[in-house]
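Following the hints, position chain F against chain Y.
Protein chains: 2
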Amino acid sequence: MTIKELFPLVLTDIALFTVEERQLKVLLVQRKDAPAAGQWALPGGILKPDIDRSLEDTATRVLRSKTGVAVPHLEQVATFSGPDRDPRGWSVSALYYALLPRDRIGAVTGDKTEAIAWCDAHKPGHRCAFDHALLLRTAVIRLQDKVARSALPLHLLASQFTLTDLQQACEAILGRELDKSVFRRRIKDDPALIPLAGEFLRGPQRPAQLYQARAGFTF
Amino acid sequence: MTIKELFPLVLTDIALFTVEERQLKVLLVQRKDAPAAGQWALPGGILKPDIDRSLEDTATRVLRSKTGVAVPHLEQVATFSGPDRDPRGWSVSALYYALLPRDRIGAVTGDKTEAIAWCDAHKPGHRCAFDHALLLRTAVIRLQDKVARSALPLHLLASQFTLTDLQQACEAILGRELDKSVFRRRIKDDPALIPLAGEFLRGPQRPAQLYQARAGFTF
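Each protein sequence line maps, in turn, to chains Y and F.
The numbering of the first sequence is our numbering, which starts it at 343 and goes up by one.
The numbering of the second sequence is our numbering, which starts it at 343 and goes up by one.
In isolation and in its complexed conformation, chain Y is listed as follows (with noise of 0.2 Å):
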């Protein structure tokens, strides 16, 4: 047997998501290599046992490494194996998904050889290479979970927010409308929320209280 009978690739891949323009939206790469080059997918690549100490810090440095962006937190969302899931060879691939803040959209840069875009997480219109549309779709499943249990996806808002805003986020991740005074009653006493004394935003409408999430939530 030949070493990649023996030992499978051992991968991640990253779902990042952010919310623009009141949809959620998650970053294909545009593969330069083979395999599947040309194609788009998630930002991913291999564990190496001699620099990263966890799968999660290869997540990490991978994110980086693609993208210009180290995010504060990732979560891990499932790990897919199989023997044809990459032309490579038998695979393993922990998937994470991040957050990132609209406010840090602009940091985003891709490395210097393969093209980034935002696209519409739950319809990505670029067919994705491997089996990664149905990693994405499993990330996003996970984010409405959480939010259908009440999280508040305060990591992808800007450091100061409005309830609006919030709202917002979690209608672009759960792909629907929510009624504003139920909203409202449901996140009324949550700790991770933190009104801003005296900062309002002003504009046509009626000034709106900011926020900021408390030190160390985590969605």
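No lab work stands behind these hints: they were computed from the structure.
All clues stand as given, with none of them false.
In silico lysine-lysine, BS3-like type, Cα no more than 27 Å apart, as pairs:
hint, chain 1, residue 1, chain 2, residue 2
1, F, 488, Y, 488
2, Y, 390, Y, 374
3, Y, 530, Y, 488
4, F, 530, Y, 488
5, Y, 465, Y, 374
6, Y, 522, Y, 465
7, Y, 465, Y, 488
8, Y, 530, F, 488
9, Y, 390, F, 390
10, F, 465, F, 522
11, F, 530, F, 488
12, F, 465, F, 488
To give a feel for the contact side, a few chain F residues facing chain Y, derived at Cβ under 10 Å:
hint, residue
13, 349
14, 350
15, 352
16, 389
17, 395
18, 396
19, 397
20, 398
21, 400
22, 421
23, 424
24, 436
25, 491
Think of the CB as a built atom: it goes at the ideal place given N, C-alpha and C, for glycine as much as any other residue.
Frame of chain Y; chain F shown alone:
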């Protein structure tokens, strides 16, 4: 670099649960071979790319060889990784849980060489090898989370069961008693529960309606 430094070890570990005497129990195996010979651990084994079609296949195969049982349903919990968790080198382990009906406990035999024990899943009594105490805790939390969200652990029950059996299984997972009337109201219209016409458990108390799980039900 050696092969060991280039390729991580890929394994699965399985938390096999049952409920016995109103207690959530997990199967531990006393390891015969190094590493950690003589210590207790979750049953686990190495992926064989030439025969396994997925990590779930690995888990099924390992569980059958180490316990003699085939379980109907395995669920992936999380994947653990790092250079120090196994003395053989950088390792990746996909953790699964499986639920064994109480009337099949007798079918679990262990293999010829390793001792097995059903231990209190909340407090196993044996010191676990590797990071298996963490893996076990993670699997228990997953079960608790599901029960708290109204999933019914019917795979733990015999093929015919009473609502009292079901409540006791939920209590064993949660580690606390539940109010009977609240519990009955919550499960009243659950489509997974099928009352067996004219089948009652008779004993010193009032006869209790027997139920079976809807076919294809998953926890």
